[in-house]
Amino acid sequence: MESLTGLFYGLGIAFQPQNLFFCFVGCFVGTLVGVLPGLGPSGALALLLPVTFALPPSTAIIMLSGIYYGAMYGGSTTSILINIPGEAASVVTCLDGYQMARKGRAGPALGMAAIASFIAGTISLFGLMFLAPPFANFALKFSSPKYVSLIICGLILVSFLGAGSRLKAFMMGTFGLLLGTVGTDPIEGMERFSFGIPYLMDGVGLIPVIMGLFGISEILSNLEEEEFRGILTEKIKNLFPTLKDWVDSAWPIVRGTLLGFFVGIIPGGNTVISSTMAYALEKKISRHPEKFGTGVIEGVAAPESANNAGPSGSFIPLLSLGIPTNATMALLLASLMIHGVSPGPFLINQHPDIFWSVIASMYIGNMMLLALNLPLVGFWVQVLKIPYAYFFPIIFLFCLLGSYSIGTTVFDIGVMIFFGIVGFLMRKYSYESTPLILAFILGPMFEEHFRRSLVLSFGSFRIFFERPISAIFLGLAILLLFLSLLPAFIRRKKPLAKDDRTQ
Amino acid sequence: MIQRKKGQSPTHFVRSLMILFWAIGFSLTVGTPLALAEYPEKEITIIVPWAAGGGTDLIARFMGDLMEKDLGKPVVVVNKPGGGGLVGFNQIAAAKADGYTVGVTTNSQILQKYSASSFVDWRVFAPIGLFNYDPAGFTVNIDSPWKVLKEALDFAKANPGKMRISNSGPGAIWHVAAALLGSKTGVQFTHVPYGGANPAAVAVAGGHVEATTASPAEVGTLVRGGKLRILAIASNKRDALFPDVPTFKEGGIDFVFGVWRCLVAPKNTPKEIVAKLENSVRKVVNDPKFRDFMTKNGFGQAYQPPAESAATMAQDEKDFEKIVPGLGLKRN
Amino acid sequence: MRNSDSRSSLVWLLVGLGFIAGGLRMGIGPLNAPGPGFFPALIGGVFSLLSMALFITTFLAKGQPSEERSFWKEKKSWRKVLLSLLSLVFYLISLDYLGYRITTFLFILFLLKFVGKRRWGSSILIALLVSWASYAVFKTGLGVSLPKGLIKI
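If you read the sequences in order, they're chains A, B and C.
For the first sequence, the residue numbers in the working numbering are 1 to 503.
For the second sequence, the residue numbers in the working numbering are 504 to 835.
For the third sequence, the residue numbers in the working numbering are 836 to 988.
Just so you know, the hints here were simulated from the structure itself, not pulled from any lab data.
No residue lacks a Cβ here, since even glycine has one placed at the ideal position from N, Cα and C.
Some hints here could point you the wrong way.
Said to hold, decoys possible - Below, simulated SDA-like cross-link-like pairs (lysine to any residue); rule was C-alpha separation at most 20 Å, straight line:
#1 B:K752 <-> B:K665
#2 A:K244 <-> A:F228
#3 A:K385 <-> A:V254
#4 B:K576 <-> A:T408
#5 C:K948 <-> B:M521
#6 B:K665 <-> C:V850
#7 C:K911 <-> B:L520
#8 B:K545 <-> A:T409
#9 B:K545 <-> B:K779
#10 B:K752 <-> B:K770
#11 C:K952 <-> B:V517
#12 C:K948 <-> C:L920
#13 B:K833 <-> B:Q691
#14 B:K572 <-> A:V254
#15 B:K833 <-> C:K948
#16 B:K572 <-> A:L55
#17 A:K284 <-> A:L55
#18 C:K911 <-> A:S221
#19 B:K616 <-> B:A814
#20 B:K572 <-> B:K616
As the list claims (entries may be wrong) - Okay, the calculated bits of chain A under chain B, using three or more residues with CB under 8 Å as the criterion:
#21 70-81
#22 137-147
#23 198-212
To be verified - Using C-beta positions, here's what the derived DEER-type ranges look like:
#24 B:K687 <-> A:F461: 33 to 41 Å
#25 B:K825 <-> C:V924: 28 to 36 Å
#26 B:N739 <-> A:Q350: 31 to 39 Å
#27 C:L963 <-> A:T408: 43 to 51 Å
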């Protein structure tokens with residue numbers, strides 16, 4: 001098959017020492033980027049992009065993809081160890097990953113995150129190889145109304161993530177949307193709710209909010225206990241996933257991969273949506289949904305697969321049409337064009353060396369990342385054993401550094417402290433922070449597409465129902481909404497007989 | 504209170520508090536800004552007020568790369584899209600005037616005074632160098648029924664408001680270009696805002712809107728990819744890279760309009776730093792690699808040093824004042 | 836938590852109304868060209884409705900035993916929390932003046948000694964190590980700009 005010959009051709013190029021080296025550099029930097037907050041893939045890419053100008057195009061792209069992938073792998077490490085998402089896509093991994101760590105199962109969690117990422121990355125690459133052209137068109141036709149429906153679906157699913165009151169989770173999601181309106185309006189650029197503070201021009205910073213909401217509040221909550229020994233509540237059990245873990249994770253990985261891949265194809269469709277959906281999906285179809293949030297392996301395997309299948313998906317519109325699906329892809333596009341490579345349907349024919357070597361190097365990159373991350377699991381697990389009295393100042397510093405390094409301004413530290421207090425109070429009053437963060441991330445995109453849809457439709461709301469994809473997502477969303485708010489109004493303490501399902 | 508447990512004794516706690524307050528008090532009484540050092544000492548950021556992948560973005564990145572080789576420190580491009588450039592303009596204006604943050608502006612900034620609900624006055628910037636000029640165009644989807652400009656305009660005239668034209672932001676250059684075209688031909692369009700020329704072009708390729716007035720250079724990739732068709736170009740002569748595209752003038756419409764792009768710094772940036780940057784830009788613009796890049800991608804080349812750039816901005820302000828308010832683009 | 840829910844839902848309601856007001860003031864625009872205030876007002880409206888719903892549920896649950904817990908987990912909980920918060924504030928204020936290494940040193944030292952109750956020796960040692968090592972890793976290794984402070988340390 002033509003694709004296979006292409007792949008071997010690409011492997012030949014990818015295995016050249018220079019390309020292997022830069023692939024490794026990319027993966028390594030990417031992992032660092034993913035583990036350390038405040039240094040998102042875009043930041044590192046932006047810094048390293050000039051370096052790539054000196055390299056031949058295929059090498060440059062190999063390195064850049066390595067960074068992108070690496071970040072996806074690394075982001076889950078902090079989510080699992082200290083309940084702070086290393087990047088937006090790993091927020092959902094915190095839910096069960098951290099609980100697993102507390103139960104002494106950090107090893108399996110980290111291991112499964114890496115392995116699921118590897119499997120998802122590899123499978124989705126096949127999708128990229130064989131399915132590129134038809135799916136590129138799919139990306140092209142994804143207009144704003146479809147985004148709106150997709151995001152609404154995602155936002156509603158967000159309230160399914162936690163274990164507590166759905167209504168309150170939903171409220172936190174809505175509040176996240178409101179928080180997202182602070183700053184500049186995505187279409188007209190008008191200053192909103194910034195009260196003249198220049199730092200708020202760009203909106204409330206995401207990283208400081210995450211650091212505060214997840215990191216600071218967690219520590220403050222733990223410090224309440226005079227004799228808080230550490231986050232480990234049980235002894236460390238295994239270092240690697242058990243057979244049962246494998247069995248439990250198999251299907252979640254497959255489903256997560258598919259979800260992540262397709263959502264990744266959509267321009268701007270990001271890994272936040274796909275990881276959220278993957279998690280919510282697993283929870284919904286699981287035989288033990290109530291265990292989600294206490295540390296089930298599926299809660300790690302599914303979102304991690306989704307966010308690693310995403311990059312492969314997002315390469316499709318980039319390489320076949322020159323449409324960048326997110327900031328990282330845009331940087332790749334810029335680097336391609338600067339090297340004189342015009343992405344488009346002819347890319348495969350005119351520059352087969354680039355296309356195939358990139359794909360081949362992604363395979364290699366995935367393997368490198370697995371090799372990089374698995375041995376580290378043992379190291380990370382030991383970290384958890386540090387007595388809390390030494391541990392928490394380091395985490396504080398970690399949060400401070402993360403918040404500060406974005407804009408090198410202490411204002412972000414202030415935001416972090418503020419949200420640390422907010423998060424602390426939220427824990428006291430049983431409000432969940434995950435919906436807040438997820439909605440906060442999705443808010444601006446949601447608004448942009450929503451308003452644009454109304455312009456496209458000349459003011460009619462019918463546009464959201466006209467196209468099948470949009471209608472389906474919207475219908476799903478409404479159904480979920482109904483299902484989710486219903487229990488809040490039904491008396492919860494009513495004893496249910498075992499087969500009482502007549503409603 | 505004698506305690507045998509490891510609890511915090513009151514005096515311990517109070518002591519800790521006092522230390523803290525002392526520390527805070529000390530910090531508050533001390534304060535001097537940090538001293539500056541020799542330029543450039545660290546990386547320079549170029550703020551691009553549009554989404555990545557668009558014309559401004561690509562040229563800025565290429566320029567940034569060449570400038571980096573010249574200045575010896577990393578030059579990083581950061582995208583701050585939104586508001587048709589407004590967000591980015593504000594960011595550049597609000598940045599520290601130490602020469603480490605500069606940005607790209609276009610005549611959109613001056614247009615917005617008359618076309619958008621808010622704007623950033625061009626006088627808050629110190630121009631470093633104008634480096635490009637691109638004309639507007641009229642581009643439709645390859646599958647659309649209009650093969651020549653006249654057909655498209657006829658449709659638009661017969662269906663007022665039904666033809667949706669994507670642009671790079673409210674009040675920005677392509678929005679005004681479309682409105683201007685509309686007023687010259689007596690046609691009413693619906694203008695759909697996007698974050699930049701690239702998303703705007705993609706919208707046409709995806710069939711979400713009917714056309715865009717972005718420059719031919721910015722839609723080039725999709726045209727070569729067989730997704731778009733350029734019906735006209737708003738310049739005085741045909742473009743060498745798109746020889747089959749007639750000018751508006753050839754079709755009897757006196758429409759010559761386009762964008763210029765200029766590197767700027769916040770107004771109070773020290774003059775020596777601006778001079779250094781100006782030199783760097785001049786070198787870049789004359790670099791054959793740069794010229795090559797611009798030609799290959801269809802970007803128009805034009806250079807004006809700071810004084811001339813400022814004059815252009817002033818002149819544009821006067822010109823736009825005559826033609827833009829009448830288009831009624833301002834939201835009241 | 837029923838009483839606290841009813842109290843907090845009123846706070847949220849105010850927040851929601853605030854966003855509606857702000858949104859309306861910015862202009863919601865016609866439906867075919869929504870303005871900057873459209874989204875905040877709309878979502879603010881949804882949020883207000885939800886807070887009212889929350890308030891109502893607290894009434895519906897009135898018949899059940901209240902799960903009122905005390906705010907702090909233990910009697911002296913607030914001390915460590917307050918100290919930590921204040922030390923964060925200290926960091927915020929001092930970072931630009933004292934520079935990264937000194938501020939971090941003092942910060943870690945304080946937390947280790949006064950919140951974590953470690954001994955002086957190990958606290959000083961660790962604080963030194965952390966502040967200098969992290970500076971090296973982040974500043975030199977990763978190129979993150981960390982403030983030098985007045986004394987340029």
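Comparing the hints with the structure gives:
1. B:K752 <-> B:K665: violated (25 Å)
2. A:K244 <-> A:F228: violated (32 Å)
3. A:K385 <-> A:V254: violated (33 Å)
4. B:K576 <-> A:T408: Answer holds: K576 of chain B to T408 of chain A is near 19 Å, not above 20 Å.
5. C:K948 <-> B:M521: holds (14 Å)
6. B:K665 <-> C:V850: violated (39 Å)
7. C:K911 <-> B:L520: holds (15 Å)
8. B:K545 <-> A:T409: Holds. K545 of chain B to T409 of chain A sits at ~16 Å (cutoff 20 Å).
9. B:K545 <-> B:K779: holds (15 Å)
10. B:K752 <-> B:K770: violated (39 Å)
11. C:K952 <-> B:V517: Cα-Cα ~14 Å, so holds.
12. C:K948 <-> C:L920: It holds: about 15 Å lies between the C-alpha atoms, which stays within 20 Å.
13. B:K833 <-> B:Q691: Between K833 of chain B and Q691 of chain B the Cα gap is close to 16 Å, so the pair holds against 20 Å.
14. B:K572 <-> A:V254: violated (47 Å)
15. B:K833 <-> C:K948: Distance ~61 Å between K833 of chain B and K948 of chain C Cα, so the pair is violated.
16. B:K572 <-> A:L55: Satisfied, since the Cα-Cα distance of roughly 14 Å is no more than 20 Å.
17. A:K284 <-> A:L55: violated (47 Å)
18. C:K911 <-> A:S221: Between K911 of chain C and S221 of chain A the Cα gap is close to 13 Å, so the pair holds against 20 Å.
19. B:K616 <-> B:A814: holds (17 Å)
20. B:K572 <-> B:K616: The hint is violated at about 37 Å.
21. 70-81: violated (count 0)
22. 137-147: The restraint on the region 137-147 of chain A holds, since 5 of its residues have a Cβ under 8 Å from chain B and three suffice.
23. 198-212: holds (count 3)
24. B:K687 <-> A:F461: 33 to 41 Å: holds (34 Å)
25. B:K825 <-> C:V924: 28 to 36 Å: violated (55 Å)
26. B:N739 <-> A:Q350: 31 to 39 Å: Holds, since N739 of chain B and Q350 of chain A (Cβ atoms, about 33 Å apart) stay within the stated range.
27. C:L963 <-> A:T408: 43 to 51 Å: At roughly 24 Å between Cβ atoms, T408 of chain A and L963 of chain C fall outside 43 to 51 Å, so the hint is violated.
Checked against the numbered hints above, the structure breaks hints 1, 2, 3, 6, 10, 14, 15, 17, 20, 21, 25 and 27 and satisfies the rest.
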